[in-house]
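K.L.:
Based on the provided sequences and hints, a complete structural model is requested.
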Amino acid sequence: MTETLAPVDVALVGLGAANGIAAHVLTEAGLDVAALEAGPRLSVADFAQDEVANRVRLSQPKALHELPTWRARAGEAAAPSRWPMLMVNAVGGTSVHYEGLSIRLSPWNFASRTRTIERYGAGAIPADSTLADWPFSYDELEPYYDLVERAIGVSGADGNPFEGPRSAGYPMPALRQTGWNELLADAARRLGWHPFPAPAAINSEPYDGRAACTYCGFCMLNVCHCEAKGATDVNVIRLAEATGRLRVETGSRVTRIETGPDGLATGATFVRDGRECFQPARAVLIGTFTFENVRLLLLSRSKAHPSGLGNGHGQVGRHFIAHITPFVFGRFPGRRLNLMTGVGSQATCVEDHDADNFDHSEARFIGGGMLSALQELTPLAFARGPLPPSVPRWGSGWKAWVKANAHSVGSINGQVDALAYEDTYLDLDPERTDPHGVPVVRVTHSVHDNERAAATYLEAAMRDWLLEAGAAETWASPGRPVEGRHCYGGTRMGRDRETSVVDGYGLLHDAPNVGIVGASTFPTAGGVNPTLTVQATAWRTAEQVVRTLA
Amino acid sequence: MTLAPGPAAILTAIARRLIPADEHGPGAEEAGAAAYAVREFASRAAVESVGVDWLGAVDRCAVERYGDHLFALGADRQDALLADLERGAGGTGRHDEAAGFALVRDLVLEGMFGDPAWGGNRDRAGWALLGYDGPRRVWTAAEQELDALPR
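Line by line, the protein sequences give chains A and B. With the first letter of the first sequence counted as 1, position 427 gets the number 427 in the working numbering; the numbers rise by one all the way through. With the first letter of the second sequence counted as 1, position 19 gets the number 19 in the working numbering; the numbers rise by one all the way through.
I should point out that these hints are in silico values taken from the structure, not numbers from a laboratory. Predicted model, so just to flag it, every value in this text is computed and none were measured. Beta carbons: idealized from backbone N, C-alpha and C, even for Gly. It is possible that part of the hints are untrue.
Said to hold, decoys possible - Pairs of lysine to any residue residues, derived as SDA-like cross-links and limited to a Cα-Cα distance of at most 20 Å, are as follows:
hint	chain 1	residue 1	chain 2	residue 2
1	A	K403	B	D22
2	A	K403	B	P26
3	A	K403	B	S43
4	A	K403	B	A148
5	A	K403	A	P389
6	A	K403	B	G131
Said to hold, decoys possible - Computed footprint of chain A on chain B; a stretch qualifies when at least three of its residues, placed anywhere within it, have a C-beta under 8 Å from a C-beta of chain A:
hint	segment
7	85-97
8	111-124
P.N.:
Here it is as structure tokens:
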């Protein structure tokens with residue numbers, strides 16, 4: 001017997017980085033909201049400065065048992081993911097343990113197809129790519145970037161010449177710049193590049209009633225001990241709950257979006273403590289990360305939507321993109337870099353190699369990616385990190401090497417602005433299910449020539465950068481690592497319902513009282529961390545829901 | 001030939017070679033990292049698609065190749081076998097041969113460099129090897145300068 005809860009204006013599926021923002025916007029507008037969150041409420045007491053505890057924690061949640069399977073191409077068998085997902089199911093979602101690097105996309109990213117054709121001709125775009133412009137420009141999103149930066153608290157500094165126009169400065173000055181950050185900034189300037197401190201959702205000074213960062217050294221994959229990190233559970237979700245109009249249902253795993261004869265959503269069915277419940281709502285916003293957004297739509301088949309909700313044109317799951325994230329390491333013999341201190345978002349970044357910030361006439365790829373030199377190397381992460389090819393991976397020789405170099409190795413990472421292709425997509429795995437017998441998502445994805453060329457280019461730039469900073473040797477992470485945390489597409493937004501799933505506001509073409517928030521709506525990835533743009537688009541989506549329900 | 005060892009003895013023998021005790025300090029066994037790996041192996045093997053019988057298969061491989069159990073072999077022979085297992089050329093014929101080695105290495109590193117609360121990293125031996133004094137709530141600007149020593 002299904003229990004039916006009190007109806008609300010909007011049901012949120014997942015209460016993380018994206019729907020946390022939506023909860024704030026909707027409740028501020030006077031709407032009643034219920035958030036259905038699979039995870040619990042976490043607090044500082046649930047965390048320690050303990051790398052093993054974080055691994056154990058991340059091996060337990062719902063997310064791990066519903067991880068997508070991966071295969072390179074159609075016809076192959078899919079296997080469990082080789083790439084860590086590191087998702088958190090909790091109020092605040094993965095933002096509770098992210099590093100908080102919060103940077104805007106470049107204006108170019110919103111129209112990369114048109115701009116590439118204008119400058120380099122249509123032949124510059126790989127033939128099998130499904131690259132598309134966004135249905136709106138940077139200028140249309142800019143006010144929402146500003147609203148999010150103020151709501152979650154973003155620190156940063158002007159000076160990145162490739163950043164789009166800002167209506168206001170950063171709410172806080174940049175995080176403290178370390179010796180490592182300055183070493184890399186100086187080297188970048190000597191190379192003619194334009195370094196800047198990473199903007200971050202971390203308080204560089206007390207902000208909005210929350211403390212300033214103490215640079216503790218355990219920011220990544222950890223909850224902040226003093227609420228200096230702008231995870232959504234300590235800012236926007238708190239504000240939403242304070243209105244009295246947000247009801248948070250934890251431990252609630254949504255299984256279906258229900259629709260009526262008119263095809264519109266009537267609410268969401270979820271399971272809590274083994275018991276099925278129904279949350280009636282006038283509108284539903286799905287914000288559960290790329291894989292689960294797609295999965296829930298495909299699982300929500302009905303008379304009105306026989307091939308899955310929003311899938312009338314077979315677009316759900318298409319245009320999947322994952323960041324490729326090459327790392328390059330450098331060894332600075334005799335120097336103490338002090339990277340086992342501070343937070344990852346104490347970083348020096350450059351965007352000289354991103355977007356169309358350099359002439360691609362000679363390049364065999366379009367776009368590029370941001371390079372970041374991060375602080376915060378924890379001891380276990382160092383010990384597990386890639387080694388130069390000449391160093392043994394274990395034994396006395398290895399032991400001598402780690403002892404001698406524990407404080408002398410630094411790294412840089414790049415985020416390749418990968419493209420969507422005809423053969424990169426998500427669907428339901430026909431063979432593998434979660435512990436509840438529900439199919440998991442299957443990823444079909446391989447690294448294409450454009451991405452290989454871009455990664456090679458970024459790697460060369462990272463090597464140049466480290467050598468200029470004084471590294472005696474450099475080495476790269478093996479292979480072409482796929483970033484399972486930075487995944488895009490599957491519910492692409494666009495004006496044409498034959499090539500997209502949601503409209504420019506993130507609402508389903510086929511059922512406009514259902515919205516999707518998250519990077520699954522992005523037509524392109526961009527070469528930077530996604531969360532700030534996820535949050536800006538979520539704000540815009542929530543505003544549109546307010547308008548449509550008025 | 002001695003009696004066949006149990007999985008714990010096989011894993012401990014491997015851990016001793018991955019991080020040996022030497023002039024740079026205690027090894028995996030002395031630091032409790034081997035015991036940590038023994039405790040964690042079965043549950044982690046299940047998650048990482050490594051058979052729980054991996055350790056026994058490796059030991060049988062040692063017997064076939066060298067006529068004795070892994071723990072009873074000299075360090076050179078142990079190292080030769082481990083190096084082959086690492087690249088999936090140990091001759092066990094198992095699809096999880098290299099994955100099993102990677103898992104054991106991962107667990108030994110966790111036990112060596114993870115928080116001592118988990119039973120490894122005894123007396124902070126792993127952290128001492130790295131010259132790391134342990135977690136703190138606060139790092140100052142001066143301590144984040146290049147070449148500065150922690151206070």
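K.L.:
Which of the numbered hints above does this structure break?
P.N.:
3, 7
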